[in-house]
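**Student:** These are the residues of each chain, in order.
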Amino acid sequence: MRADGQTVLFARRPNLRGEESAQRGLLPVLLGTLIAAVLALGCTNRPYADEESHEPILYVPYGEPPKTLDPAVAYSTADHVVTGKVYDTLLDYHYLKRPFELIGGLAEHVPEAEPLEGGRVRYQFRLREDLRFARDACFEEGPKDPARFTEDGARRVLATDFLFSLSRVADPAVGSPVVEPLSHIDGLVAWGERLAARRKNDAEFAKRRVSQQYQEIGALSGFEVLSDREFAITLHSPYPQILYWFAMPFTTPMAFEAVDYYTGEGGRPSLDEHAVGTGPFVLKRYDKRARIVLEKNPDWYGVRHPEWRAPAATFPSLEGVTGLSAANIEDFAPLAGRSLPMLTRIEMRREEETIPTFGKFMQGYYDTSGIARESFNRVVHEGGLSAEMAERGMRLEKSVVPAVFYLGFNMDDPVVGSAAGERSRLLRQAMSLVTNSEEYCRLFLNGRGLPAQSPLPPGLFGYEEDYKNPYRTLNFEEARRLLAQAGYPGGIDPKTKRPLKLTFDVADTSPESRVRFLFWTNQWRKLGINVELSATNYNKFQEKVRDGAYQIFQWGWVADYPDPENFLFLLTGPMARSASGGPNTANFSDPEFDALFGTMKTMENTEERLEVIRKMRAILERERPWIELFHPEEYALAHGWLRGVKPAGLSIATTKYYGVDAVAREQARREWNRPILWPAWVFLALLAGLIGPLIGRYLKERT
Amino acid sequence: MSEFFSPGPVRDALTSSVIALTVLLLAVIAIIKVRKDEPLAAGFAEVYRRRRFSIAVLVLYCFVALLDSIAWVGGGSVSEGDLVSAHEARSVIDRVFSRPRERGYSAPLADKEFYEGSPLAARHVLGTNVLGEDVLYLTLKGARVALLIGAVTSLITIPLALFFGVLAGYFGGRLDDIIFFIMSTLASMPGVLLLVALVMALGQGTLSVCIALGVTSWVGFARLTRGETMKLRQVDYVLAARSLGVRPARIILRHIIPNLLHLIVITFVLLFSGLVLSEATLSWLGIGVGGSWGQMIAQAKDELSRDPLIWWNVVPAGVALFALLLCLNLVGDALRDVLDPRTRRLRA
Numbered sequence: 292m293r294a295d296g297q298t299v300l301f302a303r304r305p306n307l308r309g310e311e312s313a314q315r316g317l318l319p320v321l322l323g324t325l326i327a328a329v330l331a332l333g334c335t336n337r338p339y340a341d342e343e344s345h346e347p348i349l350y351v352p353y354g355e356p357p358k359t360l361d362p363a364v365a366y367s368t369a370d371h372v373v374t375g376k377v378y379d380t381l382l383d384y385h386y387l388k389r390p391f392e393l394i395g396g397l398a399e400h401v402p403e404a405e406p407l408e409g410g411r412v413r414y415q416f417r418l419r420e421d422l423r424f425a426r427d428a429c430f431e432e433g434p435k436d437p438a439r440f441t442e443d444g445a446r447r448v449l450a451t452d453f454l455f456s457l458s459r460v461a462d463p464a465v466g467s468p469v470v471e472p473l474s475h476i477d478g479l480v481a482w483g484e485r486l487a488a489r490r491k492n493d494a495e496f497a498k499r500r501v502s503q504q505y506q507e508i509g510a511l512s513g514f515e516v517l518s519d520r521e522f523a524i525t526l527h528s529p530y531p532q533i534l535y536w537f538a539m540p541f542t543t544p545m546a547f548e549a550v551d552y553y554t555g556e557g558g559r560p561s562l563d564e565h566a567v568g569t570g571p572f573v574l575k576r577y578d579k580r581a582r583i584v585l586e587k588n589p590d591w592y593g594v595r596h597p598e599w600r601a602p603a604a605t606f607p608s609l610e611g612v613t614g615l616s617a618a619n620i621e622d623f624a625p626l627a628g629r630s631l632p633m634l635t636r637i638e639m640r641r642e643e644e645t646i647p648t649f650g651k652f653m654q655g656y657y658d659t660s661g662i663a664r665e666s667f668n669r670v671v672h673e674g675g676l677s678a679e680m681a682e683r684g685m686r687l688e689k690s691v692v693p694a695v696f697y698l699g700f701n702m703d704d705p706v707v708g709s710a711a712g713e714r715s716r717l718l719r720q721a722m723s724l725v726t727n728s729e730e731y732c733r734l735f736l737n738g739r740g741l742p743a744q745s746p747l748p749p750g751l752f753g754y755e756e757d758y759k760n761p762y763r764t765l766n767f768e769e770a771r772r773l774l775a776q777a778g779y780p781g782g783i784d785p786k787t788k789r790p791l792k793l794t795f796d797v798a799d800t801s802p803e804s805r806v807r808f809l810f811w812t813n814q815w816r817k818l819g820i821n822v823e824l825s826a827t828n829y830n831k832f833q834e835k836v837r838d839g840a841y842q843i844f845q846w847g848w849v850a851d852y853p854d855p856e857n858f859l860f861l862l863t864g865p866m867a868r869s870a871s872g873g874p875n876t877a878n879f880s881d882p883e884f885d886a887l888f889g890t891m892k893t894m895e896n897t898e899e900r901l902e903v904i905r906k907m908r909a910i911l912e913r914e915r916p917w918i919e920l921f922h923p924e925e926y927a928l929a930h931g932w933l934r935g936v937k938p939a940g941l942s943i944a945t946t947k948y949y950g951v952d953a954v955a956r957e958q959a960r961r962e963w964n965r966p967i968l969w970p971a972w973v974f975l976a977l978l979a980g981l982i983g984p985l986i987g988r989y990l991k992e993r994t
Numbered sequence: 054m055s056e057f058f059s060p061g062p063v064r065d066a067l068t069s070s071v072i073a074l075t076v077l078l079l080a081v082i083a084i085i086k087v088r089k090d091e092p093l094a095a096g097f098a099e100v101y102r103r104r105r106f107s108i109a110v111l112v113l114y115c116f117v118a119l120l121d122s123i124a125w126v127g128g129g130s131v132s133e134g135d136l137v138s139a140h141e142a143r144s145v146i147d148r149v150f151s152r153p154r155e156r157g158y159s160a161p162l163a164d165k166e167f168y169e170g171s172p173l174a175a176r177h178v179l180g181t182n183v184l185g186e187d188v189l190y191l192t193l194k195g196a197r198v199a200l201l202i203g204a205v206t207s208l209i210t211i212p213l214a215l216f217f218g219v220l221a222g223y224f225g226g227r228l229d230d231i232i233f234f235i236m237s238t239l240a241s242m243p244g245v246l247l248l249v250a251l252v253m254a255l256g257q258g259t260l261s262v263c264i265a266l267g268v269t270s271w272v273g274f275a276r277l278t279r280g281e282t283m284k285l286r287q288v289d290y291v292l293a294a295r296s297l298g299v300r301p302a303r304i305i306l307r308h309i310i311p312n313l314l315h316l317i318v319i320t321f322v323l324l325f326s327g328l329v330l331s332e333a334t335l336s337w338l339g340i341g342v343g344g345s346w347g348q349m350i351a352q353a354k355d356e357l358s359r360d361p362l363i364w365w366n367v368v369p370a371g372v373a374l375f376a377l378l379l380c381l382n383l384v385g386d387a388l389r390d391v392l393d394p395r396t397r398r399l400r401a
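So the protein lines, in turn, are chains X and A.
For the first sequence, the residue numbers in this note's numbering are 292 to 994.
For the second sequence, the residue numbers in this note's numbering are 54 to 401.
For reference, chain X alone in the conformation it holds in the complex:
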């Protein structure tokens, strides 16, 4: 035995036979422990507790955490994921009907407009009886006034709660993004101004509780409280679209106790982080960077009174519903008439990367999933599900999002804008004729887009499937002819004798998006027009837009509510960016179009309205302030055990209609997640092969 440090360290006293064999026995023990550890770890990859496996719980991932849960402020889809479930609305949408149709929600019926003198319009709402807020700590403060609380201590929903929520929208300190459309309510803006002025002048007043401040400012002239369950809203001018705003969480009833209690002070969260609603679900856990849990609200009217068969608390029957696929009908028919919600809990887990999210969906740990661009070809085959997915019993739900993407021209520009008159119109028409958005959808969106013919997307009144825009059908011959007529034969600008040079201003400098923008400019190069990309960051781009220093831009618009007004207003003169800072970035201004818009805006969805819309469409078709590109299509995957799924495209509350067959899910999860143990065995074998000789060698050297 060599007497180097290593061996001395391990040297033992006289080697007895017995001790040696004990040494050898160590190896199996070591290996056994390792195997046990690997088995214990490798057996399950289930991210949820075992005992919940047979409950109707919905498991969904979310990417971006909500910014705020305050219903008066929340406007993004990320926020709506929670607010849409927790806050209930006066009106609701029929779940299955397209075009969208309003139904009663917290209100018993959709109110009729009553015209008053002076062009004013009144809507009278009648609430359902026995509406309650979800139980919450904020209601446990102080004595319970029987006028506001039921005998068992739940806070009742009163007409004044709607007044309070509208007051919050009007309150400049809340910063609601929807003051503009709701300012049609008589006196709303003036009320907000009164409040702001009082706060500014009276420091004492500003310190009082918000509910007290609102009370002291006095009545909102457009809101009459008729009884606990009845109220009326008066608009100073006709605005039929107001009803859609009552189907959004902005106008959900708000308890003043909640606003006074959840101020973000004294260790209590603010309303950005906490929700006190009347909806079908309550927020149980809100750890927004990791996990959000919602549970069925036992105080929701649908749960307490299923016998009412309230339309927004019952799965709709298929009568009068058109356009459903056979698979949809098979799925929905047995659900019709069921009372909602069918889920007891919604588990939302944050997922930041698309590929692992999809992986967990494939394992059955999420019930729904979008389709990442990368896995598209694996999932979708010739417009339907691939064999691999269909075998797993998945369903693919396609729906066109009520949105439009477009390339816009700056109509104030001396070359492409209206100042150049007929010449620029012909140029815009020529460019529109060669812009191939179908190819774009194929290359960059996996075909998930419907080439657009006009700003109006399908699902909205005024969209006509058989309308084909002559300038949105590829025609190079015609485009060349128009371009020559515009004074640019072969794209040559007679002034410089070189190809006409335009700039395409984009707000994204990433190399990936550059390829997409180059796709458009390559189209125009075929005509001989040299459109250069000017990519800047978003702030710089906003600056350019503010200064009017842009020629061509790409933008999109998603519907707030399903009415053509919400799209066509983007092209009206008063909304022009250069004139008023409005969203009409094309700065399109056409008196005839504006007049037609004024008429169309307040009309009911009738044949006459369609006629007006057609006239407006004809103006856009001719003038081409936009090259309408496409309406994006949403492909959603759902496992077979998830029932009642119908994508809406709009941010409307759909989850309450979902049902889960938990038994089938559990079975599938077990089947799809059998542990694959052979790599562990191989690893162990290798390890043993490595360690065995080493130990043998050591023991040999020791003797």
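In short, the hints are calculated from the structure, not lab data.
It is possible that some hints are incorrect.
Derived DSSO-like pairs: lysine-lysine, alpha-carbon spacing no greater than 30 Å straight-line [claimed, not checked]:
1) 651(X) - 354(A)
2) 831(X) - 354(A)
3) 689(X) - 354(A)
All of these numbers come straight from a predicted model, not from anything done at the bench.
Here the structure of chain X is known, so what remains is to put chain A in place on it, guided by the hints.
**Tutor:** This is chain A only, laid out in the frame that chain X set:
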């Protein structure tokens, strides 16, 4: 004639061609000069003997870049799909590849489009990208961008480093303190962050990327020259010159800089590869130079996670970048071995 001086494609073509030919001329002159200088020629001959293959690859890159720099307007065939290009400055490479764009992806040497299976206009050795552009063409065009970035930035970095390093090393004292403080401050800032901030401030473009890279990468070399100058200042012939009352500027130009020449050559080669790589990093962050390999990689990175896989956009750019850097480093190492007196002594 006035057309030649007004901004436009003609001037672009002319400038690019003239610069490229001038560089070529300078290179030829440099080679002739070196051949006349006995010891230097022996050194380079030694490098050439040891790194024949790497040098051949580098020459190939330079040749491609040269072909892509010699451009003129008009003439030649123009594809139907692009009427604008007839009026633009097009290089030799552009003209060789003046085929119409395909509709979208196609695999290397495939005869039909990748997804739709529609027929292609031509076969492409390295396939086509999402816009239907030939990947071989894009890869070849990247060579010019890479060499341009490396060369222009080196032209900014080396004089800057030399100036500060020699000044600090030769004069010492307060001046040294100030310069060394600046260098330490720059060196302690996170490099990529500083780069991004500079590009954002200067605006995007080849020149601003070069300036940003130059400003952030001179410190290391300046330190080296400072130390070397300090040493040289104590050498007998410098002391002699100083005691004879020769002006510092003259000493620096006659005695110090010529003795730093080997350092400059080695640094130039090694810096070059570092700069090309830094540009790739910037491209990844979305603020690089248009048409560079870094940008090709950034554009195609999502395609690697596609199923079925599209690899032919990333791989050629990566290989081109890798080959250039490897050859530069090999040559740089050989140069150091041969030129640096210390390593020469060690080897002996």
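**Student:** Compare the structure with each hint and give your call.
**Tutor:** Going down the list of hints, with the structure as the test:
no.: 1; hint: 651(X) - 354(A); verdict: holds (23 Å)
no.: 2; hint: 831(X) - 354(A); verdict: holds (27 Å)
no.: 3; hint: 689(X) - 354(A); verdict: holds (28 Å)
Violated hints are absent here; each numbered hint is respected by the structure.
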